[in-house]
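Protein chains in written order, with this note's numbering: chain A, 225 to 518; chain B, 18 to 115.
These aren't lab readings, by the way, just hints derived from the structure by calculation.
Glycine included, every Cβ here is placed at the ideal spot set by N, Cα and C.
Don't take every hint at face value.
So, partial list: chain B residues that the calculated Cβ filter (under 10 Å) puts toward chain A [claimed, not checked]: (1) Ala61; (2) Phe77; (3) Phe97.
Derived CB-CB ranges, DEER-like [unchecked claim]: (4) B/Phe49 with A/Lys462: 40 to 46 Å; (5) A/Thr358 with B/Arg83: 41 to 47 Å; (6) A/Ile231 with B/Pro64: 22 to 28 Å; (7) A/His265 with B/Lys69: 38 to 44 Å; (8) A/Val458 with B/Glu79: 36 to 42 Å; (9) B/Lys69 with A/Lys440: 37 to 43 Å.
Restricting the straight-line Cα-Cα distance to at most 27 Å, the calculated cross-link-like pairs of lysine-lysine (DSS-like) are [claimed, not checked]: (10) B/Lys65 with A/Lys452; (11) A/Lys440 with B/Lys54; (12) B/Lys66 with A/Lys452; (13) A/Lys452 with A/Lys414; (14) A/Lys419 with A/Lys462; (15) A/Lys242 with B/Lys65; (16) B/Lys65 with A/Lys508; (17) A/Lys452 with B/Lys54; (18) A/Lys234 with B/Lys42; (19) A/Lys241 with B/Lys51; (20) A/Lys460 with A/Lys419; (21) B/Lys54 with B/Lys66; (22) B/Lys69 with B/Lys54; (23) B/Lys102 with A/Lys242; (24) A/Lys242 with B/Lys66; (25) A/Lys271 with B/Lys102.
Here is what each chain is made of, one letter per residue.
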Amino acid sequence: MLERAEIIRKEYLRHDKKFPHVWCPGCGNGIVMGALLRAVHSLGLNKDEVVLASGIGCSGRMPTYVDFNTIHTTHGRALTFSTGIKLARPELTVMTVMGDGDSTAIGGNHFIHAARRNLNLTAIIINNSTYGMTGGQYSPTTPYGSKSTTSVYGHVEHAFSIAELAATAGASFVARSTVYHATHMEEMLKKGIEKRGFSVIEIISNCHVQHGRRNKLGGAVEMINGFKERSVTVEKSKKMSSDELEGKITIGVLADVEKPVSTEEYQRIVEEAKHKAEIITRAKEKNGVKRYEE
Amino acid sequence: MVKESKAKATGKAKAPAASKKKEKKLYTVIFFHKWCKSCGLCTALCPKKIIKPDEIGLPFIEAMDRCSGCRFCEIHCPDFAITIKERHPERRSTNGKH
């Protein structure tokens, strides 16, 4: 009998691509990829009916390695490509992997409008609070006061909260997790994929090479153990004051609402228009008006 | 009398515990060293602290029998280099049922 890890390695990875992957030793992207594959495997989805789109960045390498229908798109436009895929083939399970800069800086507009539109998509946002691939510039999620290549004396701007932004923009499912909580992340991914409507899963990841090294946060082990210490569940955070929540990561389901999905609403409008057109043509035939085609 | 019954009770309580200990599940941790990048996550996150790095940082296991099979290293390995399997040793005492 094959173990689950063996099944995932044999069936869901593209072995003709160069393995081991390009990510740095200890990078959280690999953990997210594993959790995503386990979530898809345990949901019993056919891998030929799953689409994974990605933008540019370290996380953009993920579709190269997984054996789904994959597309590697332009910077920040991963959600627009997946919107197109979803509108053309609504029966597919479409997932989008983005980084924090990819989703909130370059593709910020696409992100909030995809959330507002409420298509049946799953957006997985890996937040490592820096632009890791290009050399550690500050991103919209870099914390206040932390150092990067473009903020050598400390960052003067405040960080985005991606999950709260998505919830305000109108996403129907918003959750947050970290790479330390791999099982929790897998559960959140499962819920997000199963949810009808736009679901956002923000995953706090580590970039010890660009972010951790400059801010003296330690290596991969120290950063990932730091997520364990800093994270609090949503239920616990409701009892805590705002001073206590300073610097903490709230994990869990942040928003879960039922909303009409855009593709279904569009289908309803099409049916209504067809029905109205039929009534008009019938009335015209009754009154002796010839059809335009005739 | 009381002492005896107590002793009996403790004896009875001990007996199933001992048999349970014998039935402890054993696991094998397989490292796929070709894909390993020696990041040290498995070493740090193992709750039993049995994964040790060698001279070049590749992990190995000192006491395989102490592995509890929690799969925490397996799900946290970013490089898909760890597999955990249940182990059924042939020489296990099976009370002649084997």
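**Item:** Outcome of range test on Cβ distance (A/Ile231, B/Pro64; 22 to 28 Å)
**Value:** Cβ of A/Ile231 to Cβ of B/Pro64: about 25 Å, so the range 22 to 28 Å holds.
**Request:** Given the hint that B/Lys102 pairs with A/Lys242, test it: the Cα-Cα distance must not exceed 27 Å.
**Result:** holds, 26 Å
**Given pair status - B/Lys66, A/Lys242, alpha carbons within 27 Å** = violated, 32 Å
**Item:** Satisfaction of hint between A/Lys508 and B/Lys65, Cα-Cα up to 27 Å
**Value:** Roughly 81 Å separates the two Cα atoms, so the pair is violated.
**Message:** Tell me if the straight-line CA distance from B/Lys69 to B/Lys54 falls inside 27 Å.
**Reply:** OK: B/Lys69 and B/Lys54 at ~14 Å, within 27 Å.
**Message:** Hint check: B/Lys66 vs A/Lys452, CA-CA at most 27 Å. Holds or violated?
**Reply:** Between B/Lys66 and A/Lys452 the Cα gap is close to 18 Å, so the pair holds against 27 Å.
**Message:** A range of 41 to 47 Å was offered for this pair. Does it hold for the Cβ distance of A/Thr358 and B/Arg83?
**Reply:** Holds - the Cβ-Cβ distance for A/Thr358 and B/Arg83, about 44 Å, lies within 41 to 47 Å.
**Message:** Between the alpha carbons of A/Lys419 and A/Lys462, is the straight-line distance 27 Å or under?
**Reply:** holds, 24 Å
**Request:** Assess, step by step, whether the Cα of A/Lys242 is no farther than 27 Å from the Cα of B/Lys65, and give holds or violated.
**Result:** The given pair, whose Cα atoms are some 33 Å apart, is violated under the 27 Å limit.
**Item:** A/Lys241 paired with B/Lys51 [C-alpha distance capped at 27 Å]
**Value:** holds, 14 Å
**Given hint A/Lys452 paired with B/Lys65 - CA-CA distance at most 27 Å** = holds, 18 Å
**Asked** Does the alpha-carbon distance linking A/Lys234 and B/Lys42 stay inside the 27 Å limit?
**Response** Holds: A/Lys234 and B/Lys42 sit about 26 Å apart, inside 27 Å.
The structure shown violates the earlier hints numbered 2, 7, 9, 15, 16 and 24.
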